[in-house]
Every structure is written in structure tokens, then in C-alpha cells.
Amino acid sequence: SQQGEEDPQALSIQEGENATMNCSYKTSINNLQWYRQNSGRGLVHLILIRSNEREKHSGRLRVTLDTSKKSSSLLITASRAADTASYFCATAPLGGKLIFGQGTELSVKP
Amino acid sequence: GAVVSQHPSRVICKSGTSVKIECRSLDFQATTMFWYRQFPKKSLMLMATSNEGSKATYEQGVEKDKFLINHASLTLSTLTVTSAHPEDSSFYICSARVGGRGEKLFFGSGTQLSVL
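As you go down the protein sequences, you meet chains X and W in turn. Just so you know, we're using our numbering here: the first sequence kicks off at 1 and counts up by one. Just so you know, we're using our numbering here: the second sequence kicks off at 1001 and counts up by one.
Here chain X stands alone, though its shape is the one from the complex (with noise of 0.2 Å):
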């Protein structure tokens, strides 16, 4: 079964806009990360928050977690269109590998 879900599947916005992007998971984690991949490409490693974090920020990106509910949330900031591309969700159960969640689409407009 799919250990990370994300929502939503995809997200339209207006550059300059925020976008949210959430992910929920199954069983207890280590660790929680968000990565990125542009149409084609590898995936690139935004952030990683650990399980006794509450919130991490690293420049236009937030991102917060709550172990009780089990759910994380990526937050970027004041959207690009460079920004275009996929989400990713991807969590270490403990002492397990990691494992991806679905993707949120996001697509900004200039």
C-alpha cells in the first residue's frame, strides 16, 4: 500500500501566489522529505524534516509537520513559473526505506 499520499494532484496558480501541496502517510517515520522533479528529469532534494521538527524553512519553501495526524505540508511562497513541476513526498518508516508518495502536479503562470 502507498505510504505517502499527496494532495492535491495537481494545482494551477498565478505566479506570485502561494502553493500548498500536502502529504500524508501510514506508519511512524524518521524523517519526512520533499523533492522536486521538472518534466524528464531526476528529482531534486528540496528539504527533510525530522520527526521531533514541528517546521523547517529553507528560503520561499515551509514546510511543517505534524506526527500526530501523520500529514506534512509544503508551502512554497510567492510562486514562479519556474516553480512548474512535480512535488514529491517521500518518507522513511522506521528503520525502512524511503518511499515515494504520488506527486502534486503544480503548474505557475506567469
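In case anyone wonders, no lab produced these hints; they're calculated from the structure. Hints may contain errors.
[What the hints assert, rightly or not] Here are the simulated lysine-lysine pairs, DSS-like style, with alpha carbons at most 30 Å apart:
1. W:1042 / W:1064
2. W:1041 / X:97
3. X:97 / W:1042
4. W:1042 / X:69
5. W:1066 / X:97
6. X:109 / W:1042
7. X:69 / X:97
8. W:1055 / W:1020
9. W:1041 / W:1064
Values in this document were obtained by computation on a predicted structure and should not be read as measured data.
Model the placement of chain W on the given structure of chain X, informed by the hints.
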């Protein structure tokens, strides 16, 4: 950050031929590399874990005789799709881990395989 180089980026082959994909860690040693398969607009499906100097560990449902993995050195893992068929057409991505289990991964740029 660590750099993972994957070649070729795109390959077209005839049905029945074998295709080799290389994954190299350029500025670090990777004792563990991972091979994924991705269908259009879908998530990554882990195929196998490649361990330097030992046999790869395949995920359930992945044919090890079909997808041969070799990790002969600390910087190179290869995936060979043997006797390729059109249903093997997909995007294949490798990654390497820096750090312990569950830590972040660095990905190659992927290989688009098209089998005619």
C-alpha cells in the same frame, strides 16, 4: 551537494536487445544506490537496492533476471534491461544515498527507454 551522473539520458532500442544504464557518483562514494522506474505522471517505484560488492536486493515483483544490477565499485552501478520488450519502456532513475538509511537521496537525471 553530491552529484550523480546517469547515462544515457535517452535510448531507443529494438525488441529483444539489451540496454545498459550507468549511474555514477561523481564526488562521493556510494555504497548503496537505488534504481527506480517511473511511468508518466506517476510516482517512483523502487525496483532494487544496489549494494557495492554484493548482490542487489530486488523489490517484490521485479524480475532479477530481467533487470540485472551490478555495483562493482563505490562509484558505479549499472542496470541492464535484458531482452527488452515494449512493456519495459519507461523512465528509469538511479539515486545514491549519502548518510544512513532513510537519509536524503541524490538522483541521476534519468533514462527514458523506448523499446520498439
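Going through the numbered hints above, which ones does this structure break? Give me the numbers in ascending order. none
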